[in-house]
Structures are given as C-alpha cells and as structure tokens.
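> Spelled out from the first residue to the last, the chains are:
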Amino acid sequence: MLDYWTSLQPPTRLLFAIMLMIGLILYIATINLRYGEPDLTFMQLWQTLSVEVKEGEDDLAQFILFEVRFPRVLMSLLAGAALGLAGVMLQGSLRNPLADPSLLGIAQGASFVVAMSIIYPEWLPDWPLPILCLIAGIFTGAVVLITCGSIRSTIRIILAGAIISGFFATLSSALILLAPYDRISGAIGAYLRFTAGSFSSAYWDDIYTTLPWLAVGMPAAWFCARSLNLLQLGDEMATGAGLNPRKARFIMILVALVLISPVIATVGPVGFIALFSPHLSRAFIKTGNAFHLMLVSSLAGSLLIVSADVVGRLWLYPIEVPAGVWTIILIGPVAILLLSRKLKRV
Amino acid sequence: MKLLNKLTLASTILAASLSAHTAFAVDGFPVTVTDAAGIEHTFNQPPKIGCDWYGCIEIMADFDLQIQASEDSGAQNVFYTPAGLPKYIIEDYTNPEHWANAEVEVIMTRVPVSDEMQALTIAAPVFYLHHPSYGESDQSGFQAYIKNIELIGQLTGEVEKAAAAKARFNAVISNLKARATDETRNQKIAILFGRDDTFRGIGKGNPFCALIAEIGLGECVIEGSKNAEVNAEEFLKLDPDWIAYSGGEKSYKDRKDPVWGRLNAVKNNQVFDTAGNRYYCCSTRGLIHALQDFSHYTLDNDIRLPGKLEDFDPTKSPLVAVVK
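Protein chains in written order, with the working numbering: chain A, 23 to 368; chain B, 8 to 331.
No lab work stands behind these hints, which were simulated from the structure alone.
Fair warning: this is a prediction, and the values are worked out from it, not measured in the lab.
We put the CB at the ideal spot given by N, CA and C, even for glycine.
Each hint should be verified, as a subset may be incorrect.
[Claimed, not checked] From the structure, some residues in chain A lie toward chain B, with a derived Cβ separation under 7 Å:
(1) GLY58
(2) GLU59
(3) ALA83
(4) ILE86
(5) ILE140
(6) ALA212
(7) SER223
(8) TYR225
(9) PRO340
(10) ILE341
(11) GLU342
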C-alpha cells in the first residue's frame, strides 16, 4: 500500500491527499453540525438548511445550526487552515522543522496580551485584540530572532524561543497571581480556557473579525511559496536566483504573524497545529514543494482542529473541553517524538 | 557564673509556670478539635490564627476577632473586618518562614490536603476547613460552612460568638423561607462567571445553590458541584428564569453573543450583575451577602442591595433584622 502510494506521481498524490482530507473534513464537520441539543438526522439537517424560515417564525433548530454550530465549525476550519499555513511559512522561512508559534514564544506573547485584556482591560489601548496580538507577536518574534543571533541555528532559535516563551508565560502567571482577588474571580477559568484554545464561543462576529486578516494572509502566503521553495535550496542559491533571503524571511514571518494573530486573539493558541500539520503533510504527499505543502498543510490543520473540537464538544457533553486540550493530548506525544528525533539530528 | 546559671534557670521556670498559668486560665482549654481532613489538633489556649483561605478570614470577621496573619493584601480589602486588619500579611503563602515570622500558631486553609500546605507544618499546624467545591470532606452544601463556624468557635474558645453567627445565618434562612412562594421555588437559576462569552457557572452542588434550593428561592440549572463550562446549546435548553452574572469588571450588558440574546431571562430582563463575588464561596457571612443581593432581584426589590463586601456588616442585614 505504502509502495503503491510512493509510486504515484506527485500531482496524483496531491490530488488524492486533498480529496481524502476534504472528505474527512466534511464527514467530521457533518458530525459537528448534527449532534448536540437537538440532535439532527441527515434529513432534518438537510431540511433545516434548505427550508427558509418565514419572518416572525422561531425555529430553534435553525437558529442553533446557523448561529451556533456553523460559525463554530467554520471558525475551526479557518483557524486550522491559518495555523497549518503559518507552520509551513515559519518552518520554511527559518529552515527549522521545529518552528511553531509556541516554541518561538509568539503564542505566549499574544497570550500575555489576552491575559491583560481579561484581567486589566484598562491597561491596554482600545484597539482590536488581533492588532494587539499582532504587535505582541511581532515583538516576541523580533526578540527571538535578535537574541538568537543566527536565523539558521535550530538550537539557538529553539533556546531563544524557550526563554522568551518562559518569560511571557511567567509574566502572565505574575499578572494573575498579583491581581486583586475581585479581579481574578472567574478570570482564571476564562484565561485557562483561552490558553488551551477553545471554539465554544466562536460565533459569526469572530469570523468577521478573523476573515479580513486571513483574506490578506492566505493569498500573501501563496505568493511567498516560490520564495519558500528557493530558500530550501540555501541562501546562496536563493540569492543567485534573485531572492533577497533576509527580506524574504522577514516578509514570510510577518505573513505568518498575520495568520496566527487573529486566531490567537479569537480562539487562543491551539497547541501543536502549526508544528504538526506541515510534518503530517510532508509525510503524506512526500514532497517539500511549498505550493503543495501549503495546500495540504492548511487542510491538515483544519482536519485536526475540527476533529479536536468535535471530541471536545461531544465527549463529555454538555461539558465543554477546549479543543486545544485534545490537540495536545492527541498530537502532543507524536510532536514530542518528532522533537526528539529532530533534536538528535542537530 | 553559678549565680548567673541559677538566675537563668529560675527565670525559665518562672516563665514556664506563668505561661502554664495563662494557658489554664482560659476557659474551655485545652481543647482538641478534629478538622475537615480528620486531623486532630490540641491547643492549650486560643491560638494565633493565620488564614490562608477566605472562609477563615470571613469567619474571623464574623467573630469580631483580629487575624494574626492572612495570605495576601487582597484578602484584607475584600471583607469588612470590624476587629481590624490582619497584623501580618503573608506575601508568599507557600513559604513556612513567612508564617513563622508572623508568629502564627495555626494556619487555616481548606480541603483538600495538599503537599504544599502540609509543608507549612514546620511553621505551625495546618488546620483544614470544609469546602465542598474543592475537596472531599464529610460536609456538603452550606452545612459545610456552618460546620466551619463551629470548628473555629471551638478553636478560638468563642463558642458564644459561633452560636451567634450560626443563629444569624439560621435567621436569614428562616426569614427567607417564610417569604418563599411556589413561584420562587420553581424558578430556574443560573449563576454565571462572565469573563468571556461562555456559559461557565456554579453547579447545583455548590453551597449557594444548595442554600437557595433549601430556602425555596429556586433551583440552579447547571449540574454538578464544579465550575464547568456548559455547551451553549445545552444552556439554551436549560433556559434559566434568572441569571446572576458574576463578571467582575464586565457587565452582562457587554455580552453580544447570539445565544445570550435568545435566552428568556435576557428577553424578560431577569439578569443582574452580582454585587461582589460571594455566590460561589466561602462562608455564611459571604452567603448572607450573596443572598441579600439575590433576594433583592428575585424576591423583593425592597430588600436593599448589600453594597460592597468591604462595607458589609451582616448583623445589619435586613434579612437578619426582620426576624424576631
């Protein structure tokens, strides 16, 4: 089976991979749309989708489907696609297979801003949270790159990332620990839920907030694919091909931040998706071609998050378990294995 | 030199005999009290109490006793403490040295027993109070808080003050029970933590929920005793009649999510921001504050709002005063 798969031409593998992932995404998304309160049969789901509600009529099932389940599924798909894509951008531009928003401290920087917005909203300027997260992400990303000195050293970047993420994680803890009691009552639950990454309160408003960013970030990432391919050949060859590697890396990291920031601001830093999706895709389609990788990694990210969200929503129903908890439980051990293998090679 | 030794020994014996004399001079001591974790504690005189938990601070305030030390500066500001602020503030409650420096003779916390707290026994014995939302003990619901009053009453020798605090709380219950109706008994209640647009709230097993059910002011709709997040669709089905919104700096008026606007409690304007945050924890004093707030909205607008926790004196609560 594996031999047969490897023997296929790359475009055929890509096509199969895309079809398989879309099929799985549709299947799991349908589960997410069907089950809850109320459960819907396929027929009811179809009817609910197709029947137009007359003005003045109050259809609860339709409300739940359109206002609760649809935006949640859509948000999980968008977040997965954005993180999967950002993972390819970060790993490719830094030429570091372990690059990920959490390992680079970007997630913790943005989480610190969100912690502040929960506990001390008056300390922050009255700007949209994605912009504040973007600024925090750019700041932490810049600090990591400045402190590590060399963008090509895997170990240095990971160490600098670990230091910066530790720094911001501790700052967030200090913020909570030093807050007066009346400020933190109930806030700890909200903060922990956020840091895990949850879609339980993802509604259309969140999609409207996220979409403009992704509408810029996703095409921009696609335009970076050629440069990403050139960077894989090494800086000298990339320069020979007319690319300015430093400038290209800067733009790619910025694009990755544009993809990551709105996701973190709305649903939190869902763990391991940006790290794992590119690896899963590479293993699946057996190519490092950024054009292919971007497509499949986006779909893989969406598939992983929509699956985690279905488990988080339905496993202990009606209790909500953040999707990020499941991504860490399910993907975490694989990611740790991956990390140990990659570090041994360094 | 010999004379000096004799003098030292004599003064030590004198000090010991004086100390023993003081210890035996206190009525009811020595006393042995078993805490919520089943650990026995014996004291020859009322110990200097260090509070690591709000339940302890509130009961001490109820008894009009000054606390020797409390765990952080936030605690002292939240509660009305007629006897004055704690003598010492413990900056790091996990550090036994801080407790020892504050000269506490017992550290009061709540179940469950933890290694972190047990490590403090180097400084002073750790006494566990009941808290049904956090750990296992033989007390559940608001009875756990009544039991805590009894425990601290025994420990401090303030049995009369304990009896007064219990009587005050029982008076509130009787008073409200007398005013409960079939309508209030059947009310469905949700108490939500509103820091984000989720439906995280306190469950039926929480002391406040157990208390309003006992009094006849309504039933909490969220199952369990933990503060879990309930799925939005399920919450819509639970459809509470009243929502008490404990959002800290955030008001329920800030909520914009579509499920929120669909709830009957919201449509019927039966939602209110709670005064303070004593709905979910930690003593009968806190519960009286929460009950006064709750009954103002759900029972009778003439019951005045309790105001800030730091100004709240339960002895002057209308819920107590009405009872003869």
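> Look at each hint and say if it fits the structure.
Okay, the hints, checked on the actual structure:
Contact between GLY58(A) and chain B, as hinted, is supported at the beta carbon level, the nearest pair being about 5 Å apart and thus within 7 Å. Using the Cβ-Cβ criterion of 7 Å, the hint placing GLU59(A) at the interface with chain B is satisfied: the shortest such distance is roughly 4 Å. A hinted interface residue such as ALA83(A) counts as satisfied when its beta carbon comes closer than 7 Å to some beta carbon of chain B; here the least separation is about 10 Å, so the hint is violated. Annotation: interface hint on ILE86(A) holds; nearest CB of chain B at approximately 5 Å, less than 7 Å.
Given the 7 Å rule on beta carbons, the hint for ILE140(A) holds: about 6 Å separates it from the nearest Cβ of chain B. At about 4 Å, the closest approach between the beta carbon of ALA212(A) and any beta carbon in chain B falls short of 7 Å, and the interface hint on this residue holds. Interface restraint check for SER223(A): the shortest CB-CB distance to chain B comes to about 4 Å, inside 7 Å, so the restraint holds. Satisfaction of the interface hint for TYR225(A) is found here, the shortest Cβ-Cβ separation to chain B being roughly 5 Å, below the 7 Å cut-off.
The interface hint given for PRO340(A) is met, as the beta carbon of that residue sits about 3 Å from the closest beta carbon of chain B, less than 7 Å. Hint status for ILE341(A) relative to chain B: holds, with the closest Cβ pair at about 5 Å, below 7 Å. With a least beta-carbon distance of about 4 Å to chain B, the hint placing GLU342(A) at the interface is held under the 7 Å criterion.
Comparing the model with each earlier hint shows a violation of hint 3 alone; every other hint is respected.
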